[in-house]
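Participant: Residue numbers (UniProt numbering), protein chains in the order written: chain H, 1 to 340; chain C, 1 to 340.
These are calculated hints, taken from the structure and not from any lab test. Only a predicted model underlies this, so the values are computations on that prediction, with no experimental measurement involved. C-beta: ideal position from N, C-alpha, C; glycine also. Possibly wrong hints are sitting among the right ones.
So the derived list for chain C, only partly shown, Cβ under 8 angstroms to chain H, looks like this [what the hints assert, rightly or not]:
1. E8
2. L15
3. T48
4. A101
5. E106
6. A129
7. D138
Incomplete in silico selection of chain H near chain C, CB under 8 angstroms [said to hold, decoys possible]:
8. V6
9. G7
10. Q23
11. V26
12. R43
13. V59
14. G133
Protein chains: 2
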Amino acid sequence: MRIADVGEFPLIARLARIVASAQPDVVVGIGDDAAALDLGGDRLVLFTVDSQVEGSHFVFDRIPPHLLGRRLLAVNASDIAAMGGRPTHALVSLVLPPDLALAWVEELYAGLEEEAERFGVAVVGGNVARSPGGIVLDLALVGGVPRAHLLTRAGARPGDLVLVTGALGEAAAGLIVSGRADLPVPAAEGEALVARHLVPTPRVREGRLIAASGLATAMTDLSDGLGSDVGHLCDRSRVGVRIHAEKLPVPPAVARVAELAGEPPWDLALFHGEDFELVFTCPPDAARVLSERVSVETGTPVSVVGEVLPAPAGRWLVLPTGEEIPLAPRGFRHFSGPAP
Amino acid sequence: MRIADVGEFPLIARLARIVASAQPDVVVGIGDDAAALDLGGDRLVLFTVDSQVEGSHFVFDRIPPHLLGRRLLAVNASDIAAMGGRPTHALVSLVLPPDLALAWVEELYAGLEEEAERFGVAVVGGNVARSPGGIVLDLALVGGVPRAHLLTRAGARPGDLVLVTGALGEAAAGLIVSGRADLPVPAAEGEALVARHLVPTPRVREGRLIAASGLATAMTDLSDGLGSDVGHLCDRSRVGVRIHAEKLPVPPAVARVAELAGEPPWDLALFHGEDFELVFTCPPDAARVLSERVSVETGTPVSVVGEVLPAPAGRWLVLPTGEEIPLAPRGFRHFSGPAP
Numbered sequence: 001m002r003i004a005d006v007g008e009f010p011l012i013a014r015l016a017r018i019v020a021s022a023q024p025d026v027v028v029g030i031g032d033d034a035a036a037l038d039l040g041g042d043r044l045v046l047f048t049v050d051s052q053v054e055g056s057h058f059v060f061d062r063i064p065p066h067l068l069g070r071r072l073l074a075v076n077a078s079d080i081a082a083m084g085g086r087p088t089h090a091l092v093s094l095v096l097p098p099d100l101a102l103a104w105v106e107e108l109y110a111g112l113e114e115e116a117e118r119f120g121v122a123v124v125g126g127n128v129a130r131s132p133g134g135i136v137l138d139l140a141l142v143g144g145v146p147r148a149h150l151l152t153r154a155g156a157r158p159g160d161l162v163l164v165t166g167a168l169g170e171a172a173a174g175l176i177v178s179g180r181a182d183l184p185v186p187a188a189e190g191e192a193l194v195a196r197h198l199v200p201t202p203r204v205r206e207g208r209l210i211a212a213s214g215l216a217t218a219m220t221d222l223s224d225g226l227g228s229d230v231g232h233l234c235d236r237s238r239v240g241v242r243i244h245a246e247k248l249p250v251p252p253a254v255a256r257v258a259e260l261a262g263e264p265p266w267d268l269a270l271f272h273g274e275d276f277e278l279v280f281t282c283p284p285d286a287a288r289v290l291s292e293r294v295s296v297e298t299g300t301p302v303s304v305v306g307e308v309l310p311a312p313a314g315r316w317l318v319l320p321t322g323e324e325i326p327l328a329p330r331g332f333r334h335f336s337g338p339a340p
Numbered sequence: 001m002r003i004a005d006v007g008e009f010p011l012i013a014r015l016a017r018i019v020a021s022a023q024p025d026v027v028v029g030i031g032d033d034a035a036a037l038d039l040g041g042d043r044l045v046l047f048t049v050d051s052q053v054e055g056s057h058f059v060f061d062r063i064p065p066h067l068l069g070r071r072l073l074a075v076n077a078s079d080i081a082a083m084g085g086r087p088t089h090a091l092v093s094l095v096l097p098p099d100l101a102l103a104w105v106e107e108l109y110a111g112l113e114e115e116a117e118r119f120g121v122a123v124v125g126g127n128v129a130r131s132p133g134g135i136v137l138d139l140a141l142v143g144g145v146p147r148a149h150l151l152t153r154a155g156a157r158p159g160d161l162v163l164v165t166g167a168l169g170e171a172a173a174g175l176i177v178s179g180r181a182d183l184p185v186p187a188a189e190g191e192a193l194v195a196r197h198l199v200p201t202p203r204v205r206e207g208r209l210i211a212a213s214g215l216a217t218a219m220t221d222l223s224d225g226l227g228s229d230v231g232h233l234c235d236r237s238r239v240g241v242r243i244h245a246e247k248l249p250v251p252p253a254v255a256r257v258a259e260l261a262g263e264p265p266w267d268l269a270l271f272h273g274e275d276f277e278l279v280f281t282c283p284p285d286a287a288r289v290l291s292e293r294v295s296v297e298t299g300t301p302v303s304v305v306g307e308v309l310p311a312p313a314g315r316w317l318v319l320p321t322g323e324e325i326p327l328a329p330r331g332f333r334h335f336s337g338p339a340p
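Chain H extracted, bound-state conformation (with noise of 0.2 angstroms):
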């Protein structure tokens, strides 16, 4: 049987149950955003890694390297802030072809090190290695949360809200806009659109603020696709979910990018994922003055999107027309998803 009969998230769990060991400082191993373990100082050690593979992730000619480095911290720096926690460390596995430009890997590392010290985040190290084909860079990063902090994916509650910050829709609009030069879009509306698709804003601050209220119940971040990345939190917390289209956070450009490429708005903001926004769940009584608080001290906006039911009642997402239809994940999958 070869990988791609399996797939990404069954591969996972299969790898999973080889490295299973309880070790009592690892306070959340895999299956979580980040890891976290308790190296004793005062902070949870969160601990997480995710490359950026030419020809998979990017493509060497539509993103130029400044933005990609800025891209390879973003990415990391969101998973971490999906635990609640600070990123501050990081370390840069380099694989490149011999016949790189110096210029290419020097301008990486400028970007990657102005996203970095936007979040305060030091590169203390790395590895470089020969490819003998495309270029896979990876980044290990290394963060702290206070031990009171921690949110995880599991700990969701029915009757429980479901929250997302920010605006969904706008990687997948990007994409799509820099893929159909044909598409009558505006410009400034495509670059921005492009831009983020390019490059996501990781919402560490955000994050911390939820984590820090003791309000939210549990928390991940949307690379797969709030369809896909809702799923493991349920998964995790052992619940079900109702997500209500009409509610997404869905930018009037990304809707109109939806409607010339044909596919409803709130598939863009479902099904395409890396918006890289966080996803968290609150009593309902405490959605409101979450809310409030993050939007007041981050200006990102917070929407809630949908309710957490019992396990037993399943997944759903309801239709603009009210219809509810199963909500299984579409998101880009490696190995049986479609190339970028």
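Given the coordinates of chain H, work out where chain C should sit on it, guided by the hints.
Facilitator: Structure of chain C alone, referenced to chain H:
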């Protein structure tokens, strides 16, 4: 300019300048075997990453996945050992072609877990991505070291002796044997050398003993070969060195392979790399007690192979003939070295 024109170490130096930042919690940053972070606990946190790239570090059908998994953990554990630390937590980034056999990946993980358990390391997460080309494996490893035991590449002083653990040249001899079926090497001897080439033994216990003794002044591990790696130690310590070819711990089996291959045995010991032994320095009056402590407690021999000189005295190799030649690195170089 291409990165192949710059070379591995000048490239790293250029990139290090771009991300140079002084953060008070970074005790050791770029330029040593691992980063050392002060995250507030009673131990410093060590943090390192290393990759195994198909076609650069390994050839697919020449290493069983089980051994490759062990190797992936081992080479990283060696970096933690070289700081005097203990590896504790690992993240794995897998970049895999979709047609790879599931059984291959599961065997890789079984080997990884076997080696992880040997050193008390918990695999706490990772990432899976699709490769449009070959296999790229990255492992990020966290470890710990008591503050007072941290041992870096800096600290060697003129007059110190240079010592190495274990034996040198076995990995190089194993590589030669695995590529030359015509060499008349006894089967058992050849197999043992090939095994050393495929999976090194990280000297974790030895490194901790050396560091905890308080007697050693600097340490690094031998990934590129003593001729290159002792140079890194000299760079950071701002010293010179004299290495005696006759004192290098070259096992008889290595000497025989070297003779059959028409190379001087000290060449295999100095310039081929991948032995993953430790090289360290200490004052002359501490060498005997330190060597005995390590060999008694771990069974690993320790050999004095040279002495530290003032920087202006340079870096020298004393040949068995008594002739002194400049000690210049000739270990494997990414971007300019030969493929395996």
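Participant: Just pull the numbers of the violated hints for me, sorted ascending.
Facilitator: Failing hints, ascending: 9 and 13.
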